[in-house]
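Participant: For the protein sequence lines, the chains are A and B, in the order given.
In terms of the working numbering, the first sequence has 103 at position 103, counting the first letter as 1, and numbering is strictly consecutive.
In terms of the working numbering, the second sequence has 25 at position 25, counting the first letter as 1, and numbering is strictly consecutive.
Just so you know, the hints here were simulated from the structure itself, not pulled from any lab data.
Treat the hints with caution; some may be incorrect.
[What the hints assert, rightly or not] Below 27 angstroms or equal to it, Euclidean Cα-Cα: the simulated BS3-like pairs (lysine-lysine) are: (1) B:Lys58 to B:Lys71; (2) A:Lys9 to B:Lys57; (3) B:Lys37 to A:Lys14; (4) B:Lys58 to B:Lys42; (5) B:Lys42 to A:Lys9; (6) B:Lys68 to B:Lys57; (7) B:Lys37 to B:Lys71; (8) B:Lys42 to B:Lys57; (9) B:Lys68 to B:Lys22.
Residues per chain, in single letters:
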Amino acid sequence: NAGVTQTPKFQVLKTGQSMTLQCAQDMNHEYMSWYRQDPGMGLRLIHYSVGAGITDQGEVPNGYNVSRSTTEDFPLRLLSAAPSQTSVYFCASSRQSVRGELFFGEGSRLTVL
Amino acid sequence: GENVEQHPSTLSVQEGDSAVIKCTYSDSASNYFPWYKQELGKGSQLIIDIRSNVGEKKDQRIAVTLNKTAKHFSLHITETQPEDSAVYFCAASNPNTGNQFYFGTGTSLTVIP
């Protein structure tokens, strides 16, 4: 059972570089989301999607882009990385949006120098 | 939007003792309250949830209570074991009005053998 798969697990970037965090789920979930986790701040929602072709902003969307071309994939793009984007990123999916269980990936630790 | 506060931020208990983590929320319309457990280096997993039409729910050693009037809910873990050591997050949502979970800032629980 793959569940939610995130890649890469670790990444170091220089300020201004771009990169994409990949997220894929094999549970046919319509709802997918990206969170960042910072010390003392819990999980904060970056972007989410309620289905293919539909995305929306969460609490902290600035500096990030997303797309949802298929049900399975929900990549998160950093166009010009900044040190403030150093964080641990989690992708999560749900069958019932915010009515039911979120299934999380194992996280991607990003450091921006 | 919703604001979820969680206390304490750290908690140490002796094995076999009980642990209680408390959360408050601001939006009286929130009606779904899950608790997630995050073990080191892993994504979070749902351990128990409660909906606003009930006041308490139990699952073996874990229970959650909800006081809608006071807008707070609590996680109770009895007979704690070392494997209960983890970071615990509470969350709140209102599926009728939005597609976001609002998470607390987390509680790092250490169970001392």
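Participant: Next step is simple, just say for each hint if it's right about the structure.
Facilitator: Checked hints:
For a cut-off of 27 angstroms, the pair hint linking B:Lys58 to B:Lys71 stands: about 19 angstroms separates their Cα positions. Distance hint between A:Lys9 and B:Lys57 is unfulfilled; the C-alpha atoms sit about 35 angstroms from each other, more than 27 angstroms. Pair hint B:Lys37 plus A:Lys14 does not hold up; C-alpha atoms about 32 angstroms apart against a cutoff of 27 angstroms. With a CA separation close to 25 angstroms, the supplied pair B:Lys58 and B:Lys42 stays within the 27 angstroms bound.
For the proposed pair B:Lys42 and A:Lys9, the alpha carbon gap of about 11 angstroms is at most 27 angstroms, so the pair holds. Between B:Lys68 and B:Lys57 the alpha-carbon distance is near 14 angstroms, which keeps this suggested pair within the 27 angstroms criterion. Of the pairs offered as hints, the one joining B:Lys37 and B:Lys71 holds, with about 22 angstroms between alpha carbons and a cut-off of 27 angstroms not exceeded. For the proposed pair B:Lys42 and B:Lys57, the alpha carbon gap of about 26 angstroms is at most 27 angstroms, so the pair holds.
For the suggested pair B:Lys68 and B:Lys22, the alpha carbons sit about 14 angstroms apart, so the restraint of at most 27 angstroms is met.
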